[in-house]
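Need the complex rebuilt from these two chains, each delivered in its own frame; the hints are there to steer you.
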Amino acid sequence: MRLYPLAARLAELLARAVALLGGIVLLGVMGLTTVSVIGRAISWSGPVPGDFELVEIGVGFAVFCALPWCHLNRGHARVDLFQPMLGGRLNRVIDVLADLVMLGAAVLIAWRLWEGMLDKRAYGETTFILQLPLWQAYAACVLGAAAFVLVAAFAIWRSIRALRGNAA
Amino acid sequence: MSAWAIGLWSFPVLLALIFLRLPIGLAMLAVGFGGTWMVTGSPLMMLSQLKHLPYGTFASYSFSIIPLFLLMGQFAMLGGMSAALFRAAGAWLGHRRGGMAMAAIGASAGFGAICGSSLATAATMGQIALPELKRAGYSGRLATGTLAAGGTLGILIPPSVVLVLYAILAEQNIARLFVAAFIPGVLAAAGYVICIALYVRIFPQSGGVEPRLPYGARFRALVPVLPVLGIFLLVVGGIYGGIFTPTEAAAVGAACTFVLAWISGGLSLRLTGAALLATAQSTGMIFVIILGAAVFNGFLALTQVPQTVAQWTGAQGFSPWLVLWVVLLIYLAFGMVMDSLSMILLTVPIFYPVLAMLDFGMSAADFGIWFGILVLIVTEVGLITPPVGMNLFIINAMARDVPMSHTFAGALPFVITDLIRLAALVAFPVLTLAAVNWLG
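Line order of the protein sequences matches chains A and B. Read in my numbering, the first sequence has 6 at position 6, and its numbers run on one by one without any break. Read in my numbering, the second sequence has 268 at position 268, and its numbers run on one by one without any break.
If you are wondering where the hints come from, they were derived from the structure by calculation, not from laboratory data. Predicted model, so just to flag it, every value in this text is computed and none were measured. Heads up, some of the hints might be wrong.
What the hints assert, rightly or not - In silico lysine to any residue, SDA-like type, Cα no more than 20 angstroms apart, as pairs:
no. : chain 1 : residue 1 : chain 2 : residue 2
1   : B       : K51       : A       : A137
2   : B       : K51       : A       : W111
3   : B       : K51       : A       : V142
4   : B       : K51       : B       : T40
5   : B       : K51       : A       : P133
6   : B       : K51       : A       : V107
To be verified - Partial selection, computed: residues in chain A whose CB lies under 10 angstroms from chain B:
no. : residue
7   : I24
8   : H71
9   : R78
Virtual Cβ for every residue (Gly too), placed ideally from N, Cα, C.
Just chain B, with the same shape it has in the complex (with noise of 0.2 angstroms):
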């Protein structure tokens, strides 16, 4: 068999053993070494690159960020800042038709902003507002639907660990993409927030009203809320205007996030041992992907598979839309059951170089930031919607009244919201690349 034929093969093979259930990284790892063995002929080549692989890939400055982000989140979690948060919405919108959904969705955002986690942020928020919810007379689907879609602002609002992983894979600018995943992030909660007073017109029993309240009780309720910005400020600004580089960023909030845990009494020792294990699962689980897919693409690279097919649709004549489109609903399909970190690290080595050689009338630089948001919004649908959406599992758990296809429901509504907003940012991709642009 040629290169070129293992490397196609392995395709059919490794989807094989992703669905069978193999971890994924371990089935990238697997695959990419079984194949490499194959195109060489001899296992050498493989065995002395792990010698150093994965030490190079475990100790390298570029992915150090990810656990200091994934610490950071575990001690907002910590820190009360997610109620905070939701009472500072809540005290702003509440008195609205479906207000506390909204207050959700405005916290949610929010708690994004210093946390760069879907999961975490669903956990969290989820954990604060589903009882609030609940209580306030909101449907099971609506509160249930509104906490996942609301979670998926964690990786939407930067910083973003998916954005991340895009931008080391893609060699983009980390800065430059938190920048540009801003403005589509607001454009995502105030989606969401539409979306819920369409709902609750067409099922006004679904959602409470609450008290107006004064303007001075809704701005005091602001004032514990500054951290949040503050950090928000500090990191993404921080990184931004160059003063540190992300993985400082990353540190420097981790510590702001630790002090403002510790000051608010949420840290204990066994509180902060709890931490440091849950943010040890999930560096484990990233790493491991992103060895596999080290190996993988490797492999991959070996038998030129992702250049020669970026160079036969460039030789197509495709319409470049065309293939974008084509590329987009491939990842929601994947995102359908697949989390979104193993598909970034599973497709954008393949995918960005042919969608790179193509024309969409902007700079190669623009090209990349554009489509690392659009990559960043459709495989956030993924965590909402079935059968695989982990943000649904998460709330559904919390939620023991609601049967699990009430959230499916509940959720719904809001990958619709999510569609319009994909079709309106590849439509216009200023709406991405003008807060860039404009900051220079």
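Bound-form chain A, shown alone (with noise of 0.2 angstroms):
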């Protein structure tokens, strides 16, 4: 079967670019605060304008561009306490179930994100000092949420195979 690692580089590929993304995002959110607390001090520049709001919408999408990458490595946190004691194959079932739920989750998160979006749109609501839609920050944050849906669909087909016997 030369389909899955084909898949395996896909997933890797785009969880790797959308968390990098993200990364850049924050590095942009870093500097830009950094800025504009600077600016607050020397007093014939002031803040940035409206730094507040650009915090929360680029880390919002940060967080979103994480999910993937998180899950592609198994980065969640669990107890392990009773791994050993249940054996290798009921481990494995137990992994198949968890990414499926992971699954249902990113779908239902992606799924609510883009009608959110909708919601903002059709309302027309924008942040308080700078006016920016909000649909927009929703809609950046989609792309984030589109991805964690896709990697989570891998993991299943990752642990369903780890349990046929397939090295993972």
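Next up, the structure:
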């Protein structure tokens, strides 16, 4: 089966690219906030207007973008106390089920985020100071949420293969 | 089934899912979603909430401090600060018996002052100090136990991601919590150093002695450490002095460590990318739990379980101190198997209202601070207790020649000092509150 290695490569590539994009935006938030703080300290320049709102939007985007990478690397916090007692096969079954539930959550998050975006667009809601349309911030986050769905779908494939005895 | 019964049943279901190794945040999300569905009789309320809850949680100004502190920790790891700290502490302490292990504690405390995560502190200091301790003839037990315990100083000494989460959940002032954490953090480091001194007195062959350095060399070793002190004062002092918000402090701190790493030459494009990916991984992990906890706590509030339990406990006339100790023991037990962030997000919304109703002879504001520091300590103990102590695993994985059982045994004396310190901080709240009240 040659399809699986290709899917694994694509999932890795997608998750990495999205996480790096989120990370770069986080770096931007870091720089912007620092500039704003320095600007406020210097009386004649003042802070970056609306920095508060940009921080929220930027960090929100970075968090959505972090989800697929974390899931692909099995980075979630879990309690492994009973793992040795459950035995190899049962553990693999649980992995498949956990990945299925995670796909459900990912689909739910992405779908509702999309609906939320449509709401915000319909109401024309904007941020308070910069008057940025909120639906655009939601739309940007759809990127991370959609990548999360794709990676979560791949993760199920990966754990089913592990269950059937192929190396993960 | 009544809402109350659904609320009560959700706990065994949630715990079962968690112990079946479902990711903790996902388990909370699923139980909160299913529970709300059962209470309201339809999924509609949950579905409409979820249109804005994930975005609102991820893009919230108060939570934005977390990825920024994680980023700061990643840059701190690249900045060569850990090596400088270890050399400086070694210059001052190395000539004592067990001195290099004490130096590892001192360096971990210093690193904890610019890094808010225990795992990052343990990993960074382990990389630097483990080979040195081995070379100096320290036993595997003492070396791995020391570094695992030293790692907990990452969250005990502010800034601390765990305290940030507590502050948000219990609606406490982050600046006051950071200041309050300082003395208990220093006590922790001092306790660990005393513990090492006693350990090498009982087992003299487990620790080595390095040549004594002249004072000139000792002071010279301190110079490269000054930026760490500067960043710590800027971040914690800046928040406390009201110069900037906690989020701004985290951003400025991250920018400073970024510049520091860049100057020290530790920051290639590839490493910057790796730092961003590592930040993404921890960010993803934490925010899945935060989202799960938001959904689960929303569900619990709907069932009125926390309020009812709080009122019931208040009406029973239990001794407040007994209730406090029971809660702390529950934390210690959970900490053995669960990570600190999940534990805080799961339990603080339930325990805090219960305890806040009891009379400990202090103001509500003082209680919020004091309880936060106690929770911080008990969750941190969980990082170095078997069977699931993340710091133990991280350090043991680096010291291939040391069996896991030796690392467990090596950490045990440090756990004992943690418990003694916990008892002292419970008995004498002034240890925690003095700094906050003195600074006003």
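Against the structure, the hints:
1. B/K51 to A/A137: holds (13 angstroms)
2. B/K51 to A/W111: Between B/K51 and A/W111 the Cα gap is close to 8 angstroms, so the pair holds against 20 angstroms.
3. B/K51 to A/V142: The given pair, whose Cα atoms are some 12 angstroms apart, holds under the 20 angstroms limit.
4. B/K51 to B/T40: holds (18 angstroms)
5. B/K51 to A/P133: holds (17 angstroms)
6. B/K51 to A/V107: holds (12 angstroms)
7. I24: Given a least distance of 7 angstroms, the restraint on A/I24 holds.
8. H71: holds (7 angstroms)
9. R78: At about 5 angstroms, which falls below the 10 angstroms cut-off, the nearest Cβ of chain B leaves the hint on A/R78 intact, so it holds.
Violation of the numbered hints given earlier is absent; every hint is satisfied by the structure.
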